[in-house]
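*Asks:* So the sequence lines, in the order shown, correspond to chains C and Y. Read in order, the letters of the first sequence correspond to residues 1 to 113 in the working numbering. Read in order, the letters of the second sequence correspond to residues 1 to 110 in the working numbering.
These are computed hints drawn from the structure, not numbers from a lab. All C-beta atoms, glycine included, are put in the ideal place defined by N, C-alpha and C. It is possible that some hints are incorrect.
[To be verified] In silico EDC-like pairs for lysine to aspartate or glutamate, Cα to Cα no more than 20 Å straight-line:
(1) Lys101(C) with Glu54(Y)
(2) Lys13(C) with Asp84(C)
(3) Lys59(Y) with Glu38(Y)
(4) Lys59(Y) with Glu17(Y)
(5) Lys13(C) with Asp85(C)
(6) Lys101(C) with Glu17(Y)
(7) Lys13(C) with Glu82(C)
(8) Lys101(C) with Glu38(Y)
(9) Lys57(Y) with Asp71(Y)
[As the list claims (entries may be wrong)] Reference excerpt, derived from the structure (chain Y facing chain C, CB under 7 Å, subset only):
(10) Glu41
(11) Gly42
(12) Leu46
(13) Thr84
(14) Gly101
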Amino acid sequence: ETGVTQSPTHLIKTRGQQVTLRCSSQSGHNTVSWYQQALGQGPQFIFQYYREEENGRGNFPPRFSGLQFPNYSSELNVNALELDDSALYLCASSMTGAREKLFFGSGTQLSVL
Amino acid sequence: TQLLEQSPQFLSIQEGENLTVYCNSSSVFSSLQWYRQEPGEGPVLLVTVVTGGEVKKLKRLTFQFGDARKDSSLHITAAQPGDTGLYLCAGGGGANNLFFGTGTRLTVIP
Chain C
1 ETGVTQSPTH LIKTRGQQVT LRCSSQSGHN TVSWYQQALG QGPQFIFQYY
51 REEENGRGNF PPRFSGLQFP NYSSELNVNA LELDDSALYL CASSMTGARE
101 KLFFGSGTQL SVL
Chain Y
1 TQLLEQSPQF LSIQEGENLT VYCNSSSVFS SLQWYRQEPG EGPVLLVTVV
51 TGGEVKKLKR LTFQFGDARK DSSLHITAAQ PGDTGLYLCA GGGGANNLFF
101 GTGTRLTVIP
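Isolated chain C, as found in the complex (with noise of 0.2 Å):
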């Protein structure tokens, strides 16, 4: 256990709709990252959120964009979502800076249909 909780564990969408995926970060943490997992790869980096923030982005395009509360959850939101957007959303948390100690959550699985 990470202490970094994510919600929902699942979720089916349709091509074009949008969705929001949730993560409360572990207690004393104050950066959420979000990875994006495709089957059979491993996780690449979406974005970085610091004291409400965006902190550092990877190759994602706008439509991917994230929002963090001032108790550090975060929200991971996808608009007009594509075929290609199915995988494992995976929300990371850790302290300033210790982007070497990142403590994941179980993960969002998106399929889209």
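We have chain C already, so just place chain Y on it with the hints.
*Replies:* Same frame as chain C, now just chain Y:
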């Protein structure tokens, strides 16, 4: 783009055998990490190596960071079914993120 390639991609061995998994890159990393991921779970950090040539041991697992800090290896001695999982290496990126390797899926057969 910093790429981490892992080999082999798949590995199936009998309980008790030894194995080595490799993580290679053309880029230099300040540190490399190894994670294990089980089905339906997120990756769990096993170890972080920081110094070129560094060797770390975690019970039956031995991790080594290459002298040039571009590659790493994970050696498992006397593998057990509980070692089954996806092994991922990861190195620091420029945007406060980690670059993950392609992964090695290990199956240990009882």
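*Asks:* Minimum Cβ distance from Gly42(Y) to chain C below 7 Å?
*Replies:* Holds: closest Cβ of chain C sits about 3 Å from Gly42(Y), inside 7 Å.
*Asks:* Keeping to a limit of 20 Å between CA atoms, is the pair of Lys59(Y) and Glu38(Y) held or broken?
*Replies:* holds (19 Å)
*Asks:* Classify the hint on Glu41(Y) as holds or violated, based on whether any CB of chain C lies nearer than 7 Å to its CB.
*Replies:* Glu41(Y) check passes; min Cβ-Cβ to chain C is 5 Å, inside 7 Å.
*Asks:* Run the distance test for Lys101(C) versus Glu17(Y): straight-line Cα separation, threshold 20 Å.
*Replies:* Not satisfied, since the Cα-Cα distance of roughly 31 Å exceeds 20 Å.
*Asks:* Is Lys13(C) close enough to Asp85(C), meaning Cα to Cα at most 20 Å?
*Replies:* holds (10 Å)
*Asks:* For a C-alpha distance cap of 20 Å, please report whether Lys13(C) and Glu82(C) respect it.
*Replies:* holds (10 Å)
*Asks:* Does the CB of Leu46(Y) sit less than 7 Å away from some CB of chain C?
*Replies:* violated (12 Å)
*Asks:* Does Glu38(Y) sit within 20 Å of Lys101(C), going by the straight-line distance between their CA atoms?
*Replies:* holds (19 Å)
*Asks:* Taking 20 Å as the top limit, are the C-alpha atoms of Lys13(C) and Asp84(C) close enough?
*Replies:* holds (12 Å)
*Asks:* Quick check on the hint: Thr84(Y) CB to chain C CB, less than 7 Å?
*Replies:* violated (16 Å)
*Asks:* Min Cβ distance, Gly101(Y) to chain C: is it shorter than 7 Å?
*Replies:* holds (5 Å)
*Asks:* Lys57(Y) and Asp71(Y): Cα distance at most 20 Å?
*Replies:* holds (17 Å)
Hint compliance for this structure: hints 6, 12, 13 are broken, all remaining hints hold.
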